[in-house]
Every structure is written in structure tokens, then in C-alpha cells.
Amino acid sequence: MQKLLQSQTARRIAQIALVTVLVGLTIYFAAQKNYRPVQYVQLALDGLRGGTIYALVALGFVTVFNVTGIINFAQGAFAMLGAMIAVSVNIALADLPGVPRLLLAGLAAVLITTLVGVIMERVTIFPARDAEPLTLIIITVGVFIVLQGIALLIWGTDSYSLDSFTTFETSDHIIRLGGEAEGAIPLIIRSQSFWIWGTAAVLMAGLWFFFERTMIGRALKACSDNRQAAALMGISPERMSMLSFALAAAVGAIGGFVLAPATRPIYDMGLSLGLKGFIAAIIGGLVNPAAAVVGGLMLGVIENLGAGITRAGFKDVIAFLILILMLLFRPQGLFTRQQRVEKV
Amino acid sequence: MANKYGDVIGVAVLAVAVLLIGLFQVFQPGGATFGDLTGGIVTFSTMVRIGILTIVIVGLNMLMGYAGQISLGQAAFYGMGAYASAVFSTRPELFGLPESLVAMWWWPWVVILAAMGFTGLFAYLVGRPILRLKGHYLAMATLGLGIMVYILFRENFGFRTTETNITGGYDGLFDVPRLAIGGFSLWPVERYYFFVWAIALIVIVLAMNMVKSRPGRALRAIHSSEIAAETMGVDTASFKVQVFVISAVFASLAGSLYAHFQAAVSPAPFSFEGSLDLVVMAAVGGMASVWGAPFGVATILVLEDLLRARLDLIFEGASGEIEVIVFGGLLVLIMIFMPEGVFVGIRNRINAWREERAGAAGDALPEQGAAK
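Top line first, the protein sequences correspond to chains A and B.
Counting from 1, one number per residue, gives the positions in the first sequence under the numbering used here.
Counting from 1001, one number per residue, gives the positions in the second sequence under the numbering used here.
Hints were generated in silico from the structure; no laboratory data involved.
Honestly, I wouldn't trust all of these hints.
[What the hints assert, rightly or not] Selected chain A positions facing chain B (Cβ under 10 Å, derived; list incomplete):
1. Trp195
2. Pro237
3. Arg239
4. Phe278
5. Ile309
6. Leu323
These figures come from a predicted structure and were not determined experimentally.
Built from N, CA and C at the ideal position, the CB exists for glycine as well.
Work out the full structure: start from the sequences and follow the hints.
This is the structure:
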């Protein structure tokens, strides 16, 4: 019995059974809601916007994990800081015209958050770099608590708002597709969605260029491929560790900054963003940046559709269900063929 | 050499301290309650809460310290006990049970035991697949599990109608009855204090025996090297699941005691933050130390009361935020400098210093000892 349960075929059967049950449940719930096709497209599009942010957070996870082998729980806090700092600077510079104000807000958000990332690495990760994984996990959790506490101290429990970067010359900053006919439902896209998608695309291209075409990016990559060999080639793993945290913080802050107008930034938004980003990274297999991005988009779409056909409060339940199923059945990620040997 | 009786002495000291605090509160010499003794900062009910959480932390210590398995979702098991007690001891009719059970004094006790059994079974079913995961993956899986259970409490398991309002949603449940044995009520708070601490001490002694037995040694072996343990014939998977189940059962018991103590239950303490608080307490007490648990819990809860009461003297107008920052910072510092936990760390350091001194004293050449 024990043998049978652990065998490959049994696992396959369990997987198929699970997928069948999930698909069945989905169809059942969807049938109850009786949505029109355009409403599904709407849910998926909104999910894609959230998923893009998860993808950016996931990139931070992957970068840090590749170089240091650490899961940085504080990753979500970087996105939160990015959003909150941008909002604050935007309020502080209320006299300036729109464009420079927004640029300064974004710049301040990214610079300050990057600095936070570097300080975090120097003060907490570096002294404990030889500790057990359990210890390192708890350290990053502690840093997350501190960062969130500081945010609470500075910004309180209020939620803030940032204007969309551009408008469509309409009062509510959205465009409507279709829906002119009687009784038809229009597809609504918020202008900020385009900013989020565009920024993410530019950022990913930039990261690709950084890792493939610049000396320092290639040193980082070398360090994640083989730390020891990289050290022998004169690359300092400690410096690269700091750099990976800086990079992760910067990417997270940019994600938070472009997300800010699409949500109402609040001090505790980091927890959910961080966890979702991690799930996205897991879907992508944790070591592959491109796969993590796809994972983020998938997660965003699936959880939004799932919440749409059940209830809004269950969004996180769906995300974590995906996480646990992934961890149990495909810990190597959806897109990796062979089982990775090390499971630590 | 003191180690042989160290645990016994630890438990004895704890029991005496508990007894003294309780007796002080009961007899109130000079008309001063326990709260007055601390200038009103640490109240007597904090002492009860320390007892309740000690039960959770003993289990978590065994899981994290001895088996080396992290759980960032322990509050879920704590919540399962609390909600089971709150729901079934007030409204058994929701589940087709006779309503008259509410009036029976023994009914809450049956619920507590049933909740422990159910939580244990749940932990077993979930633990078997999840504990195959290691390190970060296990941390995230337990975290996800914890948040899912929390959301189910908060969202009333997805039911919308008021007739099926099981968990009370965000507001939670009220009017949970006090425990009683026959006609003897375990309330007022002094009685409940002695009851809770009796249970906590029993749990501590139980856990100590488990740790010293063969399973305990096996667990420590798993912590140091799982592969080596397996090679020596330890069924690591089964031991890990066992300790996971035990920790869940302890948490469920503590949750039930909490529900009957607060007479109300709301989802907040069982959230992710709740699980994190538990990990902080375990870390302060020392993960591989059973009797460290009550000290870890006491440190955090007393510190919490202290910060709440006196923080405005240090920072103008500061409140809960600083508390959060202090605890997070504390956790980071402990993990960097004393990953084995504060109490265990201090004990180890004292032991090392003693041995060093003993070695120096017994040495024929004292200057060698003086050199270090």
C-alpha cells in the first residue's frame, strides 16, 4: 500500500483526479453565476493587471534566491514601500506640475526602497549568511514585520490614492470597448493597466539586457550558476548578494509604484503581494525569471476568475490552494521537465 | 552535571512561581492584587494567557526545535480548537445535535476532546504530504495552509445566509460558556488560572518525557541530519508527522481553553500575524527546550503589556506600531545572535562559562586557564 501510494502511476492518477475535480467545481460554480463571455474576459483582464505586479515581485524572489539561496519574505514589503513612498512624495510636491512630480515620486520610491534593500542585506542577512535555512527564513520574516511596522508608524492605517499616470480624456480614466448595442456589456480597461503592462515589459527587457549584456549582470548570473566557481573567477559572492537584494528591492518598488494608482496603497499591502509573488515564482520553478513572469500572469488570471465565480473573499484561498498543489505535485515548477534533485 | 536534574528543577521552579502568583492573587496580602504588584501593567489575565499559549509553544518547540520543521501556520490549529469549542458549546443544533446539550456541564469537555481529535486527524492528513517538503517549501506550505484556514473562519466557510452563520465572520462568536466540573464552575479567573496552568504543566511534563524517549532522540537526529537519521533506521517521515500531529493537538487544546477564557472568538488571533507571534515566542524561549516555552511566552506577553503601558514615556504619542517594530527587530536579533533561542542560548553560555572555570580551577597551571 505504502509503495503503491508513492509510485509514479499513483501520483499521476491523483493528479488527474484532482484536476478533474477542480475543473468540475469550476464549471459548477461558473454555471451558477451565468456570466456572459465578455464578463469572463473582463475578469481575466483585471487578473492580468494584478498578475503583472505578482510577476514583478516574483522576479525579486527569483533574483535573490538564485544568488543567495534565500527566500526573502520581505519582498512584498519592497513593493509596499515603493507605492507608499511614491504617494507621499506626490503629496509633498503638490506644487509641481504633473509630469516632473510623478517622475520624482517614482525616482524617490525606487531609490529609497533600493537603499532599504541594501541595508537589510548588510544588517541582517550578511551577519547570518552561514546560518541554517530555518534561521534565515525567520530573519527575513522579522525584517518584514519591522518594515511593515515602520510603514504603520509613518503612514498609519489610512489608505492613500495616486492619480492614474495618464487619462483617456475621460472623467473616469477608463476606456470602454463594445457595449454600444442595447443590453450589451462593455469591456472596461483602466488607463493605468497599460502603464503597468508597459512598465513591466520595459523592465523585463531591461533586466534581460542587464543579465546578458553587462559585465556586472553577468557576474550576478555567474554567481547564481555556481557560487564557488564565480568566487574563484574573482567575483565576490558577498557583493553579489548585496546587489541581488538591491535589484530585488528596486524591481519591487517599481511594481509598487505603477500599481499605486490601480489600488489604494495601505501599509499592510506587502504581505499579500509578497505571498502572491512567491506563488508566482513557485509556479515558474523559483529559479527561472521568465517562467516566474508567466507564473505571475497565470496566477493573477486564475485567482481573479476563481474569485469571480465564487466570492471575492476567497481570492487568497484560491491562490494558496494553487501554492499547496504546486508544492505537492510540481515543486520543480510547471515548465520544468525533470525533477530537480535538491529539494531544500 | 546539573543537566541531569535541570529539567526537573526547571519544572519545579515554574510550578512554584505559578503557585505563588496564584496564591497572591487569591489571598491578596495587604489588599494588593497581582496587578497592583506590577503597577497595573501586567494584569492577572495576562498570566492566564501565558499559561494557554505555553501549551501551544510547547508543541511548536517540539516541531521546530526537535524535529527542525518550521510551521508558519500554527495559529490555524489554535483557531480550530477555539472555533470548535465556541461553535459546538453554544449552538450544537447547527450540526444536527440536540440543543439541550448546551445545558450539560460535560458537553464543552466532550467538544474539547473531539476538537483535539479532529485537529489531530486534520494535521495527520495534511502533514503526510506537506512534511515531505523541506526548508522554504515547508514554510510556505504551512503558511498557505494557515491563511486558508483563517480565511475560511473569516468568510464563514463561504456560506452567505444568516441561518448558516457558523463562525460569525469578521465579528466572531460571543457568549461562550465557562467550563465547569459538575456544579463546580472553573470561574472566576483565579480558578481558571489554576486549571490552565495545571494543564500547561501536564503538557510540559508530557513533552519532556517524549523528548527524552526514543522518538525524542529520533527527532533530534532528524534535526541534525535527516539523511544520517534515516540511514540509522529512523523512519523520519513518520516521526515528523507524529510530532506535527502532537503540536496540532496541543494547539487545539489551547485554542479551546482560550475560547472558554475569552468567552468570545474572533478570527484575528488566528491570522498569519498570529502564527508569526507564535514563532517569535518559540524563538525567544528556545526552540529545542520544553521548559523554555513558558519563559518565551511570558517574555513576549509581559513585554507587550509593558510597551503598551509605558511606551508613551519613550516615544511621544507612539502606540501599537512600536510594539510591532520591537518584536520584529527582536526576532531578527535573536536569529542572528542566538538562533537556538534566548533562554537556551543564555543557559548554554552559562554552562560553557562554568565548564571553562571548572577546567581552569582543576588545572595544574592556572595561567593556562587565565589565558582563556
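Answer holds if the nearest beta-carbon of chain B is closer than 10 Å to that of Leu323(A); otherwise answer violated.
-> Holds: closest Cβ of chain B sits about 5 Å from Leu323(A), inside 10 Å.
Is the hint on Ile309(A) kept, meaning its closest Cβ partner in chain B is under 10 Å away?
-> violated (12 Å)
Minimum Cβ distance from Pro237(A) to chain B below 10 Å?
-> At 19 Å from the nearest chain B Cβ, Pro237(A) fails the 10 Å test, so the hint is violated.
Hint check: 10 Å Cβ-Cβ cutoff, Trp195(A) to chain B | Nearest chain B Cβ about 30 Å off; hint violated.
With chain B as the partner, please determine if Arg239(A) meets the hint condition of a C-beta pair closer than 10 Å.
-> Violated: closest Cβ of chain B sits about 20 Å from Arg239(A), beyond 10 Å.
Interface restraint verdict for Phe278(A) against chain B (beta-carbon cut-off 10 Å) = holds (6 Å)
Hint compliance for this structure: hints 1, 2, 3 and 5 are not met, and every other hint is.
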